[in-house]
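So the chains spell out like this:
Number of protein chains: 2
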Amino acid sequence: MLSCFLYLLAFFSQFYTRAQLNDRESAYSLPQFCDSALQNQPRLDRLAVWDKQLSSNTMSPPYKLTATQVLELLHNNTLTVEVYARSLLDRICERDSTVKAWAYLDPDYVLSQARALDQVPTDRRGPLHGIAIGVKDIMNTKDMPTQFGSPIYKGHRSDVDSSAVAILRAAGALIFGKLTLPIAGKTTTTEFAVTNSGPETTNPHDPNRTPGGSSCGSAAAVADLQVTLSLGAQTGGSIIRPASFTGVYAMKPTYDVISTEGQKAFAPTFDTFGFFARSVEDLQLLADVFGVQDDSTPSDIPLEELSVALMKTPMWDSAGPGTRSAMETTNSILTSEGFKVEDVSFPPEATDLATLKNVQKVITLSEARTMFLREYRVGKEKLAPQIRGIVENTSNVTNKQRTEACDTYASMRRAINDVAKDYSIIIAPSAVDEAPLGLDDMGSATFNTMWTAS
Amino acid sequence: MLSCFLYLLAFFSQFYTRAQLNDRESAYSLPQFCDSALQNQPRLDRLAVWDKQLSSNTMSPPYKLTATQVLELLHNNTLTVEVYARSLLDRICERDSTVKAWAYLDPDYVLSQARALDQVPTDRRGPLHGIAIGVKDIMNTKDMPTQFGSPIYKGHRSDVDSSAVAILRAAGALIFGKLTLPIAGKTTTTEFAVTNSGPETTNPHDPNRTPGGSSCGSAAAVADLQVTLSLGAQTGGSIIRPASFTGVYAMKPTYDVISTEGQKAFAPTFDTFGFFARSVEDLQLLADVFGVQDDSTPSDIPLEELSVALMKTPMWDSAGPGTRSAMETTNSILTSEGFKVEDVSFPPEATDLATLKNVQKVITLSEARTMFLREYRVGKEKLAPQIRGIVENTSNVTNKQRTEACDTYASMRRAINDVAKDYSIIIAPSAVDEAPLGLDDMGSATFNTMWTAS
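Chain order of the listed sequences is D and Z. With the working numbering, the residue at position 181 of the first sequence is 167, and numbering never jumps. With the working numbering, the residue at position 107 of the second sequence is 93, and numbering never jumps.
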């Protein structure tokens, strides 16, 4: 029951009834584009254009590069945004039938945007000029539909970007398309016993494994070199876990340091915006654009003086062999490099698993009840039974329980902060183990939820 | 300095540079409508239609009625939505040049919506069928512009309603128009020493006095019988204080019990949605539509058994004669009616004014910095210097200060909850005194801020 609830924390979109798969085709001009592109202009010919521009056959094609590398090539005119975008589209044409990461993608529109960016004078280019960014399909984009994986929002368009997308656009980013999120799957009749059935999206490293949820498309597209950066959101473990399953870097800053305005809310206390990349430099690039700063650790401190806490967390018992081995390897590498590494326990106030889970459950259910009232009032019949149950408060969460949960949560956060303040870095597991086999089970968020709003 | 900060908490829109007054005319088809209406169909003639429908000259014209009363007349077919809407528009034509509460109003569109509502079959009518509701101009409406009082959002339209507006529309409400909020006014060069210059909106009881901010239009329009219900938002004291200044009822529920999705964010920890009405029954009507419930006090408890706490709060010293007298009168009435009334002090953890104000300041500045980054990146030159200063963090708020403020705030909230749990009702001042003279000073939020997120 409780472990099922953790799924609930991690995936909100799967509560909607199954719609996205059917809609994917219609919202999606990729197959036609790839067919005609392949027919009219063979891929190798187009890559030859790229090769010619580079005047070298030894460099990587642009789709393989990080944002930092692409920016450098764009800056010294070795590359145009259009050629870079074509390279990504070629990669997508090659891989989409396997990975299926996109909820919406219009290649012709992408190319027209790319050409427009190429026309921007050098002195008016932003810090992300031309960089391709995929957007999780719960964030409004003024030029593409945003469906939240829900039939209620079929064909929904906003003529206003979400706050984050507007900031990226102002920085010159090429908003590429919308990335998948989980959809309503097999459900049992048991309250909250949600069996997670993911969308078709597969793990790029093994199509038989899940990329993790709920930012599955965002993680898979970046991991598969289909887009350079992507945006995701985490309420339970929806950024950190898919990043771990697909082997990319991700950043989930603390709450309210990046605005979630224009992003579908689930449980505001936990809802966090974040992003995926293939290098730490790229994460830093995005953090700078969003003004995310760590003002507590001096930037000139020698690495050896950084104190590292290894926190196995109260749920360590559930860690599989992959996670155990990763933590040991991390410890060895850091120690051998001269870091001060310390095994640190969770503070007693935040160690009781049952309390921790109950607090998260009560806050999430109370807030989700508020956040989905609109969909309930507008189209109750199109909501999955689970979410109807949340709005109808079938679990009878009282205001008093909610107030107490908020208070307990605040105490836990304070206790964790008290421990954390003595360390420069905390290392903790991102997932129970490697990505599970099958696409139905998108994995447990047990190692993520307690950090989400800490 | 600190008292100025409280203004900052209460009004966010005035940070934008002065734009709304100039835009008001163009966004506004009311003058033409009133002119032509008066020319083509004299007001008295149209009221005669209404009088005829009622077959009585003794009843109040519809614009004077509460929502509960209008619903009854609509239900028994004594009134149509169109006649009711015409009555409100007549009232507005008569009073708008004095009160100036509307940021956007299209009377012809209102009437077409009213006629459409009259066509809805009886068995498909919602709980607010036909009730006119004005919307504060920081909440998205799919059929009207939303300008947030900012030149950055001039002519801004969203094709999606805010969550609250969608819920009201689904309940059958007649979304009437957009109500004013403060605009950028005279500012000094002192950081955060914002002198609040309100919009033209006046207090219906005395055009020389402010209606209070920031939900000034929302309070004034309801108080002046121009619309039956209205929506507002409070970050500092932006609902409770204007309700007090204009003498109407208002409800600011606790945070996250009504979704603020689609409403401009300022400081999410404090941002709250709420509403204005002219009767307690009407507040209950709206609370029901939004699913706001008090599940802690049994509804069948005899009134005399309710325990009432009279809380003068730590800022009682600033209370003027009006507020002092109101608190005394309240005490006498309740006591003479047999209620158990007790003078209750704030808990020691929440009594230190300097700490209280600092906590609010740090949280608000940190969060506003995040929330206005978008506007800063998109159109820095159109932002008032104060808000640019917040985004540039000219007051040097650190992450550590923010974390500590969140922790202190959580402790204060817990301490207040501990005291509050022993009482059924807490009565506290809504404002320092009656509405101040002049439109520039929209009043202090000192009595509101500490309750906003408690």
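Keep in mind the hints are simulated off the structure, nothing from the lab. Among the clues, some could well be false.
Copies of the same chain look alike in the list, so a pair counts if it works inside one copy or between any two.
[As the list claims (entries may be wrong)] Pairs of lysine-lysine, DSSO-like flavour, derived with a Cα cap of 27 Å:
1) LYS298 with LYS407
2) LYS128 with LYS368
3) LYS140 with LYS407
4) LYS326 with LYS366
5) LYS407 with LYS386
Verification of the hints:
In this assembly of identical chains, the alpha carbons of LYS298 and LYS407 lie at most 27 Å apart only when taken from the same copy (17 Å versus 38 Å across copies). For the homomeric pair LYS128 and LYS368, the shortest alpha-carbon distances inside one copy (25 Å) and between copies (21 Å) are both at most 27 Å. In this homomeric assembly, LYS140 and LYS407 never come within 27 Å of each other (Cα to Cα): the closest approach is 46 Å inside a single copy and 45 Å across copies. In this assembly of identical chains, LYS326 and LYS366 lie within 27 Å of each other by CA distance neither inside one copy nor across copies; the values are 55 Å within and 44 Å between.
Taking CA atoms no more than 27 Å apart as the test, LYS407 paired with LYS386 passes between copies only; the shortest distance there is 9 Å, against 31 Å inside one copy.
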